[in-house]
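Asker: The chain contents come next:
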Amino acid sequence: MTQAFRLTKGGLVDRSQTLEFRFDSAAFNGHGGDTLASALLANGVRLVGRSFKYHRPRGVFSAGSEEPNALVELRRGARQEPNTRATMAELFGGLDARSQNYRGSLKYDLLAVNDLLSPFLSAGFYYKTFMWPKSFWEKLYEPAIRAAAGLGRLSREPDPDAYDKGYLHCDILIIGAGPSGLSAALTAGRAGVRVILADEDFRVGGRLNAETLGVNYMAGSDWADAARAELAAMDNVRILTRTTVFGAYDHGIYGAIERQTDHLPHGSGKPRQVLWRIYTKRAIVCAGATERSIAFSDNDRPGVMLAGAVRAYANRFAVGTGASVAIFTNNDTGWRTASDLSAKGISIAAIIDTRETSPLAAPRGAAVVMGGRVTGTKGRHGVRSITLASGQTIECDCLAISGGWSPNVHLTCHQRGRPQWKEDIAAFTPGGDLPVGMRVAGAARGTFSLQNCLADGRETAVEILEKFGLNPPADDSLTADEEATSISAFWHVREGKGRAFVDLQNDVTVKDIRLSHQEGFRSVEHLKRYTTLGMATDQGRTANVLGLAILAQASGKSIPETGTTIFRPPYTPVAIGAIAGRSRGKEFRPVRKTPGHRWAEENGADFVESGLWMRAQWFSREGDTHWRQSCDREVQQTRASVGICDVTTLGKIDIQGRDAAEFVNRVYSNGFAKLPVGKCRYGLMLREDGLVMDDGTTARLGENHFVMTTTTANASTVFKHLEFCRQCLWPGLDVHLISVTEQWAQAAVAGPNARKLLEQLLDPDHDISSDAFPFMACGEITVCGGVPARLFRISFSGELAYEIAVPARYGNSLMATLMKAGEEFGATPYGVEALNVMRIEKGHATGSELNGQTSARDLGLGRMMSEKKDYIGRVLSQREHLAREDGLKLVGFKPVDTAQELKAGAHFIAKGKEMTTENDEGWMTSVAWSPNLQTSIGLGFIERGDSRIGETVIAADPLRDKSTEVEICSPHFVDPEGERLRG
Amino acid sequence: MIINHPLLGPRDASEFSYLGDASLIDRPDPQAQDAAEQFHDYVYLRDNPAGEHRELWFHEHGDRSWLVVTRNTLTHEITRVELAKDVAIARGRSR
Amino acid sequence: MAEFDLIAETPLNGLHRTFEDVVIEEVTGRAVVSVAFSDRANLERTMRKSLDLKLPFVGNTARVETRDLLVLSLQSDQIFVLFPQTGHRPDLEIAEIAGDQGSVTDQSDGWALLRVSGPGSRTALERICMLDLHPDIFTVGAVARTVMEHLGMIIHRNDEHSFLLMSARSSAEFFAHAVVTSAENVS
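Chains as they are written, first to last, in the UniProt record's numbering: chain A, 1 to 983; chain B, 1 to 95; chain C, 1 to 187.
Calculated directly from the structure, the hints in this document are not laboratory data. Using N, Cα and C, we set each Cβ at its ideal position, and we do this for glycine too. Please note that a few of the clues may not be correct.
Residues on chain C that point at chain A, a partial pick, calculated with CB under 8 Å [said to hold, decoys possible]: (1) Ile7; (2) Glu44; (3) Gln107; (4) Asp132; (5) Thr146; (6) His150; (7) Leu151; (8) Phe174; (9) Asn185.
From the derived model, a few chain B residues whose C-beta atoms are all more than 10 Å from chain A [as the list claims (entries may be wrong)]: (10) Leu7; (11) Asn48; (12) Pro49; (13) Val87.
All chains, please: the whole structure from these sequences, using the hints.
Answerer: Structure (C-alpha cells):
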C-alpha cells in the first residue's frame, strides 16, 4: 500500500528500508525510524481507537509518551500486550497491531451508543447509579461495566518473555537527551565524571529532531547525532536510549525501564525489558515539556492534534498529518507549525490565535484570525471542518492545537515536591523542595527557547562539577537559532454545544469538572478522584493543567490557589513482569539443598519446602500407594532397628572466645556455664519479653568453644539475636560467632542398632560404648580413614541415637555410606514426616508449639528457667500472667474412639459446654498417626493440663465441622522413662 | 535507601535488616528493685517521633555489624550512622 | 576397621561455562578458614611474624604469594583466609599461624567459589550485584559482602576483569544459575 501522506523528502526515516506491518485487518508499509503512529499517519489512517467511556472515534493526538488516544494492542497469543502507545511503539517488519475498545468494528462500534447516552454518563455516574439494589452490584452491574470498560484485552496466558533487572552507578544521571540533556552531558562527560544519559526515545535529540531549529550552524538533528557520537566514544558516559526514568526514590536512587527487544521483530531470546536501579550522586532532569490542548466543543476528533506533534510528524517522520491544516494557538510556537508545514508544501488553511496581538509571519494563503476561537469541529471519523466564534467555517482535515507547554515536573514531585505556578509561561514549574541531589534544566523547569535550554543544561552541569571540586571544560557554549515562545493563557472556549474534552484518555469534559465543583468536590484532589481527571495510564499529561485551570475558573480562584495534584512513580506505565524480573517460577526465590539432596532424590524422596530449604519428607518404595505407608514403615523400622535422617538444615553457630561460656549462659534460660567439655545440653532460649524464642542442643567442644544448634526456621533470627547481644548489650565480652550451618552435613542415626551401625564408620581408637560415650556426650572424631567428624549423642526420636556431622563435601556420600553400613540391620532413611511422628510420640516441642506465644511453663519446661543467674527474658518471664500455675500446659491427647483422626488446630471445650470463645480452654498444636500405638495422637495446650490427665474433653473443629472426644494424657506416648535413649 | 556504613561506605538498604528504636541498647539492670517495671518499659514502650529517630539496623548481608542510624522519619534523610558497639560502650555497657 | 570411604564432591560439580566475553568457572581446592579476633594489634603482630603479612582493613585483601594465600578482611573483627587445601584440617594450619590471638573456624565446605572473568564480567554482574564495580571504586584487591538474588555473598576483585564470588553451598546451584543467566543476558 502506498504511503500517501509521506512527504517526498526530508525526515529522519530510512527510506531505503521498507517495513511491512499490520493494523487491524490491513497491511501497510512504513520505514525504519517510524513509530507505529507515524507509519499509520503516513498511510492516512486517522481513526485508531475508541475512547474509554463514550467510545468516540479517536486518532493520534501526540508524538510522544504523553499519548492519550492512540492505544493499541500489539502482538498475538501470549505476547499480546494491550494499551501500548502507538507513538512509542517503534516500527519493525511484521509488527501486528490492533485497535481497541469497540464491539463490532472500529469504524462502526456498537458501544458508540454510549456517546448518545452521554447526558447520563457524567462524572460520578457510577457512584450515583449503581447503588441500589445492593445485591445487583456483584451479579449485574459490575460484570456489565467490566465488559464494556477497560480499553485493551490481556492475553490471559503466562507472559513468555523474560525480564531482567540491574544496578547502575554514576556521578550524574541526566534524564532526557534533548537539547538541555545533551548539552549537560557534553559538559559533564568532557570533565570526566561518570554520566548516564537516559532517554525514552530510540533516537537522542528530543525536540531537536522535531523542529527545524539549528545548533552551532548545523541542523538540530545533525548536531544531536554528533553529540551522541562524541558521548558514545567516552568511557565515562553511558547512553541509555529506549529507557524511561520512571521514578525518583530516596537518597539519589532512580528507577528506569529499558526496552531492549520491543523494537525487534522476534525477541532475541534476551530479556525484553530491563529494570534498572540507578544510584546517583546528582541527577539533572532534562525531561522537557509537554504541549497541552485547549478545550472546545468536539475537540477530540481524529485529525485534531497537538501542534508540536504535527511539526514532529512533518519534520522528523516526513509525514503530513493532513492535506490542509488549520492551527489554533494561544502562543508563538503554534505559528511555527504553520511555517514548517508550509515549507514542506502542506497547505495551511488558517491560523486562529486567541491573542489580540499583531500576527506573526504567516504562510501565504493562510487565513489569520487574531483574537479568534474555534467553537466546534465536524467530520464523523475525522475532522473535515472547523467553526469559529465568528460563525465562519473553515475546511481542513487536520487541526493543530497549542494551548502552551507544561514542563515535565513529574520526577521533581516524587518525594512530595509541590510545583509552582509561573504566570509568564502559564505553567507549573518545579518547586524548591526537590529530591536530594536533583537539579532541573531546560524546558522541564520552564526555560523554553532552544538557546536558553542549551545554556541551562551546560550551566547546571558546570555548577555540579564545581560542587564536585572539578574544573568545567573550557567554554563550550553553544549557539542556536532564535525562536519566539510568548504565550497568553487561554484554556476554554465557552461557545459551542458539544462536549469539550479535557482528559482524552478518561473522557473527562469541561462539564464534568464544573459538575464536580457544583457537587462540592472542590479540592483538586477530590476533583481528580470524582471525575478521574488525570487518573488514566497517561496520568493526564496533556490534561491536568487544563483541568485545574477550568476548576480555578469555576471556583473563581487563581490557579496557584487551586493547587495541583501530586505525581507519583511511575512516570509512564511499567509492566509488572519487569518489576518481577527473573523472580518467577523456579527462580521466584532461592532454593537451599542439603549436601545429601541428590542421594535423597535417587532414593525416592518426596521433598517439602522448609523455609528456603528442601527437605525429604518421606522415601517412597515401590508399591507404596500412600505417603502414610512410607512414613509408618520409616517410624517402625527406626524404632525396631535403625533409621537415618538428614538434619543438616538445623542452624549451627560456632561460638568461641574467652567469654564463650558466659555468653551462652546468658542467652539460654538454663545453665551452661558448667557444662563440661565433651558434653551437650538441650538449651531453651527466651525473648526479652519472657516467651520462648527457640531451642536446640549446644555442645561444648572446648573450654572456649561451643557449637549451638537452632531450629531450621529460626537459624538466621537466632544468629541476629546473638550478634545483638554480643555487640549491643555486652560489647565487653570476648566472644565470636560464625555460622557453620553450611560447613557441616549432619545426619541423625537413631534406633537400637544405631551404635552398631556407626561403629563401622569410625576410625580405630574411637570408643562410643555407652560408658565411654554416654547420652549427651559429644566429641571430635574421624571416620572412614581420617575424615574429621563431630559426633553428638542426642535423641529427638527417643531412641538410642547419634547425630554425626562431616564436612559438607562428604555429605552426599555420608548418606549412602550410612545406608550401606546399615544394610545388615535393614536400616531405613526417614524424612521429616517420620521425624515428626517420633517427636510427637516423645512429646518434644517444635515450631507448632514454639510459636512465639508460649512460655517455658506452658511447654512444661519451667524447670529450665534458672534461678541462679540472669539471662535474656528472665525478668519478664516472672510476670504474673506467665508465672501463674493454672495457665496452659502442653499435654498429650488421644481420641476416645481410636478410629477417630485428630486434627491440629482444633480447640478444646469442656464436655457439655457450648462451642464459644469464652469456653475455649486451649488448642491442638500437632497430630500424628502413631504406628506404634495404632491410634491418632496429638499434642496441645490446655488450661491446667498437667493436673487433668485422664479427663475427656471435646476437640472442636468448627472450620472442618468435626468434634472429637479426646482424652488428656501424658505427652510422652512412647518410652516415658527414657530408657531406650540411654541404652 | 542508602545507609552510609561507617566502615564500608554507602550501601543499599536491602543489605540491612531493621530492628527498631536504639533505646534497645539500654537493657535495664535486672538486679534493680523495679526491674520488672523497667523491663516492661524497655520491651514495650517506644517513642514514635515524626522527625529524627535513632534506630538499630543489622548489616545482615554485609559485615554483620549492628548500626545506630539517625534517620528523619519524615524525609528519610540519614544524618548519622554509628557502630552500635561504639554507642553501647559510650553508654556504659561493657560485660 | 573402616571399610567405607567417603567421597568428596564440590558444590557445583566443576561448573565451567564460556560466553563471548565472560567465563564462569567453579574454583576448587581452596581451603577457607575464618579467624575472628578481639585484639587487632596482637593478631597483626602474630601474623606479621608468621607470614610477613600486614593485616588488611575491612573491604581489602592481602596476598602471601609464597604460600598462595589470600586474606579477605570482611568484618572489623574477622578475616577469611583462602589457601590451597592439602589436608583435612586447614583450620589447624591457620590456628598455628594465628596463635592464641584468633578464634579459627573451618569454612572450606560452607562456600561455593565461582570465578567470573573476561572483559564482559562487570557488565554481566551489573544484573545481580548492587555494588559499584567500577575499577576506580571497587579496585583490584577489594572485597565486600553483599547480597545478590536474595543471597548473602562475598565478592572479591582479583584482577581488572576477574571476580571471585563466594556463596553459600546449599544455594550454590541457584546462585550459579543466576550468574550464568546474567552472562547469557548480556552476551
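Asker: Each hint needs a verdict: does it hold in this structure or not?
Answerer: Status of the hints after comparison with the structure:
1. Taking 8 Å as the C-beta cut-off, the interface hint given for Ile7 of chain C holds, the closest approach to chain A being about 4 Å.
2. The interface hint given for Glu44 of chain C is broken, as the beta carbon of that residue sits about 17 Å from the closest beta carbon of chain A, more than 8 Å.
3. Because the closest C-beta pair between Gln107 of chain C and chain A is about 6 Å apart, less than 8 Å, the hint holds.
4. Residue-level restraint check for Asp132 of chain C holds (minimum Cβ-Cβ distance to chain A is 4 Å; threshold 8 Å).
5. Interface restraint check: Thr146 of chain C against chain A, minimum CB-CB distance 10 Å, threshold 8 Å, status violated.
6. Annotation: His150 of chain C was flagged as interfacial toward chain A, and the flag holds, the nearest CB pair being 5 Å apart, inside 8 Å.
7. Taken as an interface hint, Leu151 of chain C checks out: its beta carbon lies about 5 Å from the nearest beta carbon of chain A, inside 8 Å.
8. Proximity of Phe174 of chain C to chain A holds as hinted, the smallest CB-CB distance being about 5 Å (cut-off 8 Å).
9. Residue-level restraint check for Asn185 of chain C holds (minimum Cβ-Cβ distance to chain A is 5 Å; threshold 8 Å).
10. Listed as a non-interface residue, Leu7 of chain B keeps its Cβ farther than 10 Å from every Cβ of chain A; the least gap is roughly 13 Å.
11. The beta carbon of Asn48 of chain B is kept farther than 10 Å from every beta carbon of chain A, the shortest such distance being approximately 19 Å.
12. Distance check for Pro49 of chain B against chain A: the nearest CB is about 18 Å away, which clears 10 Å, and the non-interface claim stands.
13. The beta carbon of Val87 of chain B is not kept farther than 10 Å from every beta carbon of chain A, the shortest such distance being approximately 8 Å.
Checked against the numbered hints listed earlier, the structure breaks hints 2, 5 and 13; every other hint is satisfied.
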